[in-house]
Structures are given as C-alpha cells and as structure tokens.
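Colleague: Sequence:
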Amino acid sequence: MVKFWLEEKFPRARFPIEAIRGGIPFPDYAPGLVCEALSLEEAGSWSFKLLHPDKDAGDRAWNTELAYRRTDGRILFGARASCSSPANRRLPASCAVPGVVRYALNRIGMRDCVPITCRPKSAASIEELLALKRLAADPARTLPVVVLSGVNRSERRSGILEEYALDPEQLADDLLGLAHVVKLPWQTAFEWTKAVGREWSVYNGAVRTYYPGLDFARDEPWDHPNVAAGKILSWRPNEDRGERGFRDFLRNRLRRYSGGRQVDWGNLLFIDDARTEKANLDYNRIYEQAIDDIDEHNQKVVIDMKAKFDAERASYRDKIKSLEREAEQFSDDALIMSGEVERYRRLNYSLRARIDALNFELRRLRGAGVVTGGRNPRNYEELEDWIIDSFPESIYLHPRAVRGLRNAEYEDVGKLCDAIRLLAGPYRDMRRGILPKAEFDEQLQSPHNFAIERSISESRAGEKGDMYFVAYPANAGNPRLLEWHLTHGNSYESRYCLRIYFFWDKTEEVVVIGWLPSHLDNRLT
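Using the working numbering, the first residue of the sequence shown is number 510, and each one after it goes up by one.
Note that these hints are calculated values from the structure, not bench results. Among the hints, a few may not be true.
Straight-line Cα separation of at most 30 Å, BS3-like style, residue types lysine-lysine; simulated pairs [as the list claims (entries may be wrong)]:
1. K630 with K703
2. K828 with K558
3. K787 with K828
4. K973 with K924
5. K630 with K740
6. K630 with K642
7. K787 with K830
8. K924 with K946
9. K830 with K817
10. K1015 with K740
11. K518 with K564
12. K564 with K512
13. K787 with K815
14. K740 with K787
15. K828 with K809
16. K787 with K558
17. K828 with K815
18. K815 with K830
19. K787 with K512
20. K564 with K1015
21. K787 with K642
22. K512 with K558
23. K642 with K703
24. K809 with K924
25. K703 with K740
26. K828 with K817
27. K973 with K1015
28. K787 with K809
29. K817 with K787
30. K564 with K973
31. K946 with K1015
The following label-pair restraints were derived from C-beta to C-beta distances [said to hold, decoys possible]:
32. R579 with I526: 16 to 22 Å
33. I526 with L742: 29 to 35 Å
34. E951 with E920: 53 to 59 Å
35. E516 with P624: 39 to 45 Å
In this text, a Cβ means the ideal position worked out from N, Cα and C, and glycines have one as well.
Based on the provided sequences and hints, a complete structural model is requested.
Modeller: This is the structure in structure tokens:
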C-alpha cells in the first residue's frame, strides 16, 4: 500500500519494497526527498517517515510519519503530518490529510467505533437512530460525527432545496478520515429530537457536528455547532458560495480540528520512538550476550553498572513523560479556552447581527441609503473613536492602523471618512450578497471616484517582510495579507494620496483595516 502511494505521489522515483519494509536503506535518488523505514519484528512494529518539499512552495517541507503495530489481535495504524516553513514565510500552510490515509481506508479499511467509509451512514430507522446516539456518546470515538438532516417535504416540492442541503455522498467522500457522515431523513429527525432533546437536535436541512467526548448531560450544545439550511444556502465566505462554499468551510474546519488536537497514539511507535525502542532491544541483547562471556566477579561489576545506568535512563524517561503530560495539559487548557473564545465569538456575532438589524431599520426610517456614522471627526486624534463608535459591527481597526494614524498627513479627513463609510456600508453589503455589484460600483465612483484594487501579489508581499501582513486576531500569531486597498489620487505625495489597506473577514463579516491613509511600499513607491 505504501509503495503504491509513494509511486503515485512521486512517479519518477524508485521505491524498493525491501527499503519500505525496513530491510535496506532507501537510495538517494531525488533532491530534498528523504525516506526512512524501520521494522521491529520483536515488537510487531513498523515505522516510516517521508520528508519532501511542498509542490507549491519549494521552501516549505512536509514530514509524513506512519506507524503500524500488531497488538491484542488487532492492527493499529497511525499517520501524522507536520509542515515546516522558513521564518520569513508569512502565508501559512493549509491543513491536509496525508494521501496514504485514503489509500489505507479504501484498500484495507479502518474502524473508529464503527467502520470508516467514504459512504454516508443512515439513521432512517429506530435501530439506526439508537446506533447513532451510541456512536455520538461513545467516549472511545475519535472522529467528529456530521449529521445531515432531511428537508421538509413542502420545501422539497417547492424546489427550494433538495433532500439534503449538502450532497451526502460527496460530503462523505470529502470528509473521509476526518468525520463520520450520517444522513438523518426528515421523518426520523423528530425521533432524534425525542432521543437527545431539542437543544441537541438537528432538523429541516440543518447540518450539525458532534465532536468527540460528547456528553449530552454535561456539554454545552453550542460547542457542537448546528448550521441551518438557510445559512448554508446563503453562505458567502469567498468566491465559492452556497453549498460548495459551506462544504469547503466544513472540510477546512475539520482538518484544523484534526491537526490541532492532542492524539493518544497508544503503543504505536513512530520513527523516533522506534529508534529508541530498537536501541533498547539492542542494548539488552548485547548485555545478555556479554554477561555470559565474563567471570563471576566481573559479572557483578557489570550488573551493578547496568543497574545504575538503567536507573538513570528511567529517571530521564519519567522526566520526558512528565513534560509530555504538561504539554498535554497545556493543549487541553488551550482547547478549553478555544471553546470560551468560540462562545464569545458567537455572542459577538449575535450582537453585531442585532446592530445590523437596528441600523437597517434606522436607515429605512430616515430614507437614507448609506451608513452615516454621524458627524465627521475634526482631526485624526478623533478618528479612531469615531470608527469604533460608529461602525462596531462592520469595521475592525487593527492596532497597526491606529499607529499609522499618528503620523497621518492626508489633508482631507472628510474624504477619508467617506471612504470608511463606503467600506462599512455598501462594500460590506456587497460582500454579504445584500447589494448587487453593479450598484456598489456606482456608489464607489460617486461622488469621489474611489477605486478598490488588489494591493500586491502574494509573491511580492513575501519580499516586503511584514509590511503587507497583520497578525489577526491582533493578539494571535496568524499573519493575514492586506490583499485589497481603496485608492484615491495618483500623487505619491502623502497629503494628496489616499490609501486604505484591508481584507475581508468572511467568518465575522467585517472589514479589517490594517493600514491608512498613506501608501505602503511597492515597486512604484
């Protein structure tokens, strides 16, 4: 299986089966491609490591590790992938599932309480519903369960939706190895609600993710997100809208979950652990051979020395285990805090939605088509407070942008305010699908003839260090590219040239302003 996977991934390279089995070293046949395998027959263990450059970014490397072990009449298999990038690379690698996992699932088969397959499971009968409840609450489950609920018949007859908001077959194939996908028909969704309670239910086209460790009696329902069919249909995070956009979002979220959580690998030996185990086996073998070849006096000396050495090794092992437990505790604490952050994020989203609704009604009563933001600030010292007070639901002014305002020289503060109003109102409405693009273009050009363009290519941005990137959220280490800028004026004199650099946060539906009101350096400036 590993040989087929490697040859498909690197068709020009040779992978001798003896090397894959760990019997001989791999030949040195490709720059940057490193393979290593180690077989320990005594432990029923096999380990493998592949280090190779990223096909899209040559200065980034992927490390894929596999481990196999026979134990208690079962075969345990584990795969993990990590990525390393140079310090000056600002665009992070996307989460990915090693292709060998799909090979293993399709050709050998695996279980996570139930078989892991590329086909959706059914929950159409009472027996299947009870099986779904057992799976959802099973403490041994390691994969999330994604439940697709059936759509009300009347909506299906009207042509608004298909039987499910997402295609179950396609989703199950997309999420192979990431989650169990279950179809819950509309008729049995009511029985599911009775079985788990309304706060845990999912119905009428909604999609719900039940994460591992679920306790229906103690967990908070919002930790296991439920997305209504209407929101899926109107999903507009990027160019892929509706069902396709939400499917990509769900897959990426589950990839991040899989890559970020602590995994109990049991007694699987990955390559570094396997080397340590091999050293221990060799050490004990050599000791047993040596002790038989020396006299009784020297045997006692060697035995005493070995006892001291073993005690020292045991002390180091205990220290390593203690540090690993500490790391796991930190990871668990981080997951708890992540849940708290998610709860506050949802609360923030709800409050901003209410502000949106109130603003919409206020604009309707006033007969105004744009967000006013009240009286313009008189100077740049007042601009930060004006943005925060006027557009809390639509504009996030990054701390770096605030620092940029301290030395601002652009002379027309009123025009800058009009540009921010445009981003807070029409631009945001256009990105959310509320305002047609043609109408937005009209408002963009009237009365100031503003323009919104790409600020810089990703490749050029990387050459400028941190200039075109901001950490977002501001206290996190995740760099985001300021990919757009609103422009007015062609002069490179700061007093007459307006530039607002920003990106669109598709999750929070806010415009994140990272720099204003002057130029950032590029080839021309």
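Colleague: Compare the structure with each hint and give your call.
Modeller: Going through the hints against the structure:
Of the supplied pair hints, the one linking K630 and K703 holds, its CA atoms being roughly 20 Å apart against a limit of 30 Å. With a C-alpha separation of about 26 Å, the suggested pairing of K828 with K558 holds against the 30 Å cut-off. Taking the CA atoms of K787 and K828, the gap is about 21 Å. The hint holds against a cut of 30 Å. Simply put, K973 and K924 have alpha-carbon atoms about 29 Å apart, close enough for the 30 Å limit, and the pair holds.
Using a Cα cut-off of 30 Å, the hinted pair K630 and K740 holds, with the two alpha carbons roughly 24 Å apart. Note on K630 and K642: the hinted pairing holds, with a Cα-Cα distance of about 13 Å set against a maximum of 30 Å. For the given pair, K787 sits about 19 Å from K830 by alpha-carbon distance, which is consistent with the 30 Å threshold. Proximity of K924 to K946 is assessed by CA-CA distance (about 22 Å); at most 30 Å being required, the pair is judged to hold.
For the proposed pair K830 and K817, the alpha carbon gap of about 20 Å is at most 30 Å, so the pair holds. Pair hint K1015 plus K740 holds up; C-alpha atoms about 14 Å apart against a cutoff of 30 Å. A hinted pair counts as satisfied when its Cα atoms are at most 30 Å apart, and K518 with K564 qualifies at roughly 11 Å. For the hint pairing K564 with K512, the CA-to-CA distance comes to about 20 Å; that is within 30 Å, so the pair holds.
Note on K787 and K815: the hinted pairing holds, with a Cα-Cα distance of about 18 Å set against a maximum of 30 Å. In summary, the hint linking K740 to K787 is not supported, as the alpha carbons are separated by about 54 Å, beyond the 30 Å threshold. Of the pairs offered as hints, the one joining K828 and K809 holds, with about 29 Å between alpha carbons and a cut-off of 30 Å not exceeded. The hinted pair formed by K787 and K558 meets the criterion: a straight-line CA distance of about 16 Å does not exceed 30 Å.
Our distance criterion of 30 Å between C-alpha atoms is met by K828 and K815, whose separation comes to about 20 Å. With a C-alpha separation of about 22 Å, the suggested pairing of K815 with K830 holds against the 30 Å cut-off. Taking the CA atoms of K787 and K512, the gap is about 24 Å. The hint holds against a cut of 30 Å. Between K564 and K1015, the direct Cα distance comes to roughly 27 Å. Compliance with the 30 Å bound is thereby established for this hinted pair.
Simply put, K787 and K642 have alpha-carbon atoms about 43 Å apart, too far for the 30 Å limit, and the pair is violated. Annotation: proposed proximity of K512 to K558 holds, straight-line Cα distance about 13 Å (limit 30 Å). The straight-line distance between the Cα atoms of K642 and K703 is roughly 11 Å, inside the 30 Å bound, and the hint therefore holds. Pair hint K809 plus K924 does not hold up; C-alpha atoms about 90 Å apart against a cutoff of 30 Å.
The hinted pair formed by K703 and K740 meets the criterion: a straight-line CA distance of about 25 Å does not exceed 30 Å. Taking the CA atoms of K828 and K817, the gap is near 17 Å; set against the 30 Å cutoff, the hint holds. Annotation: proposed proximity of K973 to K1015 holds, straight-line Cα distance about 25 Å (limit 30 Å). With a C-alpha separation of about 26 Å, the suggested pairing of K787 with K809 holds against the 30 Å cut-off.
Pair hint K817 plus K787 holds up; C-alpha atoms about 21 Å apart against a cutoff of 30 Å. Between the alpha carbons of K564 and K973 the distance comes to roughly 23 Å, so the proposed pair stays at or under 30 Å and holds. Annotation: proposed proximity of K946 to K1015 holds, straight-line Cα distance about 17 Å (limit 30 Å). For the pair R579 and I526, the supplied restraint of 16 to 22 Å holds, since their beta-carbon distance comes to about 19 Å.
Here the CB-CB span from I526 to L742 is close to 50 Å, at odds with the stated 29 to 35 Å. The given range of 53 to 59 Å is broken by E951 and E920, whose C-beta atoms sit roughly 27 Å from each other. Checked against the hint of 39 to 45 Å, the C-beta distance between E516 and P624 comes to roughly 27 Å, which is inconsistent with it.
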